[in-house]
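Undergrad: Please model the complete structure; the sequences and the hints are all you need to start from.
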Amino acid sequence: MKIIVDAMGGDNAPGEIVKGALQAARARSDLEIVLVGKEDEVKAAAAACGGLPERVSVVNATEVIDMHDDPATAFKVKKDSSMTVGLTMLKNGEGDAFVSAGSTGALLSAGTLLVKRIRGIRRAAMAPLVPTAGNGVVLVDCGANAECTVEYLVQFAYLGSVYAAKALGMEKPRVGLLNIGTEDSKGDQLRRDTYLALKEAGEAGHINFIGNIEAKEAVKGGCDVVVADGFSGNVMLKTIEGVGSFMGRELKGMFLSSLKTKIAALLVKSGLDAFKERLDPDTIGGTPFLGLQKPVIKAHGSSKARAIENAVYQAAAGVKADLAGEIEAKTGLMKTER
Amino acid sequence: MFYHAYGILLTPLRKEGNDMQDIFERMQRIISEQFSVDEDEITMDTSFEEDLGADSVDLVELVMSMEEAFDIGEVQEDELSTLSTVGDCVNFLSGKLDD
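So the sequence lines, in the order shown, correspond to chains A and B. Anchor point for the first sequence: position 271 equals 271 in this note's numbering, and the numbering is continuous, going up by one each time. Heads up, this note's numbering is the position in the second sequence plus 1000, with the first residue counted as 1.
Hints listed in this document are in silico derivations from the structure and should not be mistaken for laboratory results. Do not rely on the hints blindly, as some may be mistaken.
Listed below are the simulated DSBU-like cross-link pairs for lysine-lysine, each with C-alpha atoms no more than 30 Å apart in a straight line [stated by the list, open to error]: (1) A:K186 - A:K79; (2) A:K79 - B:K1096; (3) A:K216 - A:K166; (4) A:K186 - A:K238; (5) A:K252 - B:K1096; (6) A:K91 - A:K76; (7) A:K91 - A:K166; (8) A:K91 - B:K1096; (9) A:K166 - A:K220; (10) A:K320 - B:K1096; (11) A:K216 - A:K276; (12) A:K38 - A:K304.
The calculated label-pair distances, taken between Cβ atoms and stated as ranges, are [what the hints assert, rightly or not]: (13) B:D1051 - A:G332: 53 to 61 Å; (14) A:V77 - B:S1094: 26 to 34 Å; (15) B:G1053 - A:G93: 26 to 34 Å; (16) A:A27 - B:S1094: 20 to 28 Å; (17) B:A1069 - A:A204: 34 to 42 Å; (18) B:L1097 - A:G134: 17 to 25 Å; (19) B:D1055 - A:V235: 43 to 51 Å; (20) A:G253 - B:V1057: 46 to 54 Å; (21) B:S1094 - A:K199: 47 to 55 Å.
Using N, Cα and C, we set each Cβ at its ideal position, and we do this for glycine too.
TA: Shown next as structure tokens:
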């Protein structure tokens, strides 16, 4: 399969992007990689990593969408940007998936309008796998759609459920609706109406809906998919990131505070390393946009080679899971009164 | 001479009708593809929002398809806001193509 990589997107482009893509190509003989970007810069970055392997090619793109560009229109204004060229290639069948660490808003806009939504899907959603006490929870949506309707949230539930089952191998994923309590009367009108729609879907056997779930229970492993509007989802995600970072710093400070604690740290080092690895977003790679006709993965803007490598693997898993067909088949089940 | 004059009078109407009809049929195909409706269900009076359930993203996507299919350059935001029905689009495109 062929993965198209935006070689110019992100803070560490093209060097770390190219390095990560080449690592993926060398590790997986089933992958072809197309690096899209300023040809001279991309080839120079590749030369610094031992040159271009056989299954890696470069497509020239003379422009780069940056953070100053209007995300809604950037892909149209900069028609020869690495993002626009790469997504157009994906749309035209010249690749199977796309990875970018560039502007999230521009990628969402361009993905929606170039690659297009799966027929019947109203909005693409960003669905990161958030580390939890269990195997992680798919948070749908984590920021693409700040304001949602019942229909959007119901669709997010199906998108997340299909993704968790087919791409992540979760058995009958438990779907929870992010809310301020578990009772069915909790939350605002949107939450109450969505609860009823999802309950109906659950009773019909379409999804494994477990009801409302509070953020803390989701993090403790209470569900496999948590459905939220983009605003709430983003607040939840950033809070988790912030608490994780804070806890990590405090823990490190504690372990370095005395000789006794330093010895203790050495004794538990392997456990600490494993724990750190589990929480490290680079281990996952990126965030998929669910609801588009082909896999598009957004890697974090600060991604370095390891994150990009894992984002490429994530894109490959998305291709293999072939989500679009199954999702399109279920869109009839997702209809609600809007 | 009469028939010649009659032909001259008819010609612009006939030509405009064919162009409009052609534009309408092409729009039927685009809309049918995007909204998964039968072409026969699409008339000049079909409203994107009321009849097809289109939202803002659907309209932007439709306009992009129009831009590509008819090669009319970029439709401006103030022009986009005038396109509520299929007939609006056909008339808009006819004007653009005549320019």
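Undergrad: Can you confirm whether the C-alpha distance between K91 of chain A and K1096 of chain B stays at or below 30 Å?
TA: holds, 27 Å
Undergrad: Given the hinted pair K186 of chain A and K79 of chain A, is their Cα-Cα distance within 30 Å?
TA: violated, 47 Å
Undergrad: Run the distance test for K216 of chain A versus K276 of chain A: straight-line Cα separation, threshold 30 Å.
TA: holds, 20 Å
Undergrad: Tell me if the straight-line CA distance from K216 of chain A to K166 of chain A falls inside 30 Å.
TA: Holds: K216 of chain A and K166 of chain A sit about 26 Å apart, inside 30 Å.
Undergrad: Is the Cα-Cα distance between K252 of chain A and K1096 of chain B 30 Å or less?
TA: violated, 66 Å
Undergrad: How does the Cβ-Cβ distance of A1069 of chain B and A204 of chain A compare with 34 to 42 Å: does it lie in that range?
TA: holds, 40 Å
Undergrad: Do the Cβ positions of L1097 of chain B and G134 of chain A conform to the proposed distance bound of 17 to 25 Å?
TA: Check failed, 59 Å falls outside 17 to 25 Å.
Undergrad: Given the hint that K38 of chain A pairs with K304 of chain A, does the C-alpha gap stay at or below 30 Å?
TA: This hinted pair holds, its Cα atoms lying about 19 Å apart.
Undergrad: Hinted pair, alpha-carbon criterion (30 Å max): K320 of chain A, K1096 of chain B. Please report holds or violated.
TA: violated, 44 Å
Undergrad: K91 of chain A and K76 of chain A: Cα distance at most 30 Å?
TA: Holds. K91 of chain A to K76 of chain A sits at ~15 Å (cutoff 30 Å).
Undergrad: K91 of chain A and K166 of chain A were given as a pair; does the straight-line alpha-carbon distance stay at or below 30 Å?
TA: holds, 23 Å
Undergrad: Is 46 to 54 Å respected by the C-beta to C-beta distance linking G253 of chain A and V1057 of chain B?
TA: holds, 47 Å
Hint compliance for this structure: hints 1, 5, 10, 13, 16, 18, 19 are broken, all remaining hints hold.
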